[in-house]
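Here is what each chain is made of, one letter per residue.
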Amino acid sequence: MISLSGVGRDYIGRNGVVHAVGDVSFDVAPGEFVALVGPSGCGKSTLLNMIAGFLPPTRGTIRVDGEPVNGKLPDALGYIFQKDTLLPWYTVRKNIGLGLTFRGVPRHEAQARVDDLLKMGNLTGFGDAYPHQLSGGMRRRVALLMSLAVQPRILLLDEPFGALDMHTRAHLHRELSVLWRALGQTIVMVTHDLDEAVLLSDRVIVLSGPPSRVLLQEQIDIPHPRDVFTVRETAEFAAHSRCIWHVLGEQFRAVA
Amino acid sequence: MSVVAPDRDAARVSDRAWQALIIIVVVGAWEGLTRVPWFVANTVFDPFFISQPSRIAVRLYEWMRPGPQSVWPHLWLTLQATMWGLIVGVGSGFLVGLALGRSPRLARIFNPFIVAFNSMPRIAFVPLITMFFGLGMLSKVVTAWFVVFFLVFFNTYKGARSVEREMLDFCRTLGGSPRQILWRVHVPTAAAWTFAALPNAISFALIGVVLAEFVGSTTGMGYLMTTALATLNATDMFAAVTLLSMVGILLVSALTALEKRLLHWSPEFRQ
Chain A
1 MISLSGVGRD
11 YIGRNGVVHA
21 VGDVSFDVAP
31 GEFVALVGPS
41 GCGKSTLLNM
51 IAGFLPPTRG
61 TIRVDGEPVN
71 GKLPDALGYI
81 FQKDTLLPWY
91 TVRKNIGLGL
101 TFRGVPRHEA
111 QARVDDLLKM
121 GNLTGFGDAY
131 PHQLSGGMRR
141 RVALLMSLAV
151 QPRILLLDEP
161 FGALDMHTRA
171 HLHRELSVLW
181 RALGQTIVMV
191 THDLDEAVLL
201 SDRVIVLSGP
211 PSRVLLQEQI
221 DIPHPRDVFT
231 VRETAEFAAH
241 SRCIWHVLGE
251 QFRAVA
Chain B
1 MSVVAPDRDA
11 ARVSDRAWQA
21 LIIIVVVGAW
31 EGLTRVPWFV
41 ANTVFDPFFI
51 SQPSRIAVRL
61 YEWMRPGPQS
71 VWPHLWLTLQ
81 ATMWGLIVGV
91 GSGFLVGLAL
101 GRSPRLARIF
111 NPFIVAFNSM
121 PRIAFVPLIT
131 MFFGLGMLSK
141 VVTAWFVVFF
151 LVFFNTYKGA
161 RSVEREMLDF
171 CRTLGGSPRQ
181 ILWRVHVPTA
191 AAWTFAALPN
201 AISFALIGVV
211 LAEFVGSTTG
221 MGYLMTTALA
231 TLNATDMFAA
241 VTLLSMVGIL
251 LVSALTALEK
261 RLLHWSPEFR
271 Q
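Sequence order for the protein chains is A and B.
The first sequence finishes on residue 256 if you use this note's numbering, and the numbering steps up by one all the way, no holes.
The second sequence finishes on residue 271 if you use this note's numbering, and the numbering steps up by one all the way, no holes.
Derived by calculation from the structure, the hints in this document are not laboratory data.
This structure is a prediction, so every number in the text was calculated from the model and none was measured.
Don't take every hint at face value.
[What the hints assert, rightly or not] Okay, derived cross-link-like pairs now, SDA-like style, lysine to any residue, Cα gap no bigger than 20 angstroms in a straight line:
#: 1; chain 1: A; residue 1: K94; chain 2: B; residue 2: L262
#: 2; chain 1: A; residue 1: K94; chain 2: A; residue 2: L55
#: 3; chain 1: B; residue 1: K260; chain 2: A; residue 2: T91
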């Protein structure tokens, strides 16, 4: 369970103090998939960084499982960056096992776990490849598996599929959806892709431009499992998209 | 791959042919023109000044044979000093670069000193180093270290700083301790940058050692060259230069082979 109350974050810009995150409050239930959308500069990624404990909030409190997060990393948390975070000098297998090595998991146990993960990510046969030999979509999957290896209960995704083409992205949507249903993590995903948000999440939270606050929380009641290829054509999908766009588009127009 | 390979082989053969042709033309002109009396009298093509490829080859052959004129003891001492200078210079440059690259505070404190030291003309220190450390091996090693250190330091420093914050945060979420992250992220990243400085470091170390031998030494290739200068013997000088550049080429190609093995994961060496 993640809980934000009155969270804000300022930083010193060229023209004085900038209130990037104004006053944000929301809860995420265990096992829930929440998507954060908003105009650029509204501090979506900053919020994610604060939940992870990379940055302390200027105002308000963030709690993960009841424990306040104040610039310290909560346990059992996975974070996927938009940037590539594979170690290029290790094979796929060693990359996926990195967290297990860090945590001192015995070798044979780690090996078995990495084998499972490779199968789960449809990467069997690529275990001995180096990152530069993989496609962009494969590298994203490896980054996800690196996180999943240490069995996080919470996954924070920062525009995880932003740099991919539409085809690769659709496939990764399906895989993430399947993995999430199988493993049941709590997920908070920042995205600029409204379709992606509606497609995958249980709830879409729309933030305003800076200083940001929550404008809308749209419950997506399309039942799981969703077929990521056909759900886009349904009337519910269109209705949710239209409803969110109504609020979000207004913000896009206001924030030049 | 198999479709591309013959083209690549053909290109390589053609490159080699051109290289051979350039050498033949330059060496041929050198040998030929120094034998034409008019050129000897009116131009720089005078064997007294620039010797002659055939004379240099004969001198090299004499040097290679055992006896009091043998070049091996000198070459060996120069090489030894170069290797020690490289080991100490690369080692210390890497450690200091890594430490300062990881700590912005240390970097801020030491920055003015490093800039000051780096802008000093290093050659001016060679006599001083010779005064401090005497006419033996130690002066040569210290001189080589002095030039190699900064080269390696700056590259390693940049490398350590190039580690992205996202990478470090990601590793922290995977449970990496600062020490584990140092060994698995900082050291390999910095090492790749250090490697990029090594071909220059090798040449600089060699130059540093020969320079130290010029200033004060009774052994080594640099000593052979100052002796040749004292007797106005251009053939000896060119023979020494040829030998030194061959040593440089050998060291750099050994390094390239090592780099291909160690940095095989880098897209630079992609097949």
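Hint by hint, here is what the structure shows:
1. Taken as a hint, the K94(A) and L262(B) pair is honoured in the structure, with Cα atoms around 16 angstroms apart against an allowance of 20 angstroms.
2. Distance check on the hinted pair: K94(A) and L55(A) sit about 29 angstroms apart at the alpha-carbon level, beyond 20 angstroms; violated.
3. With a CA separation close to 16 angstroms, the supplied pair K260(B) and T91(A) stays within the 20 angstroms bound.
Hint 2 from the earlier list is the only one contradicted by this structure; the remaining hints agree with it.
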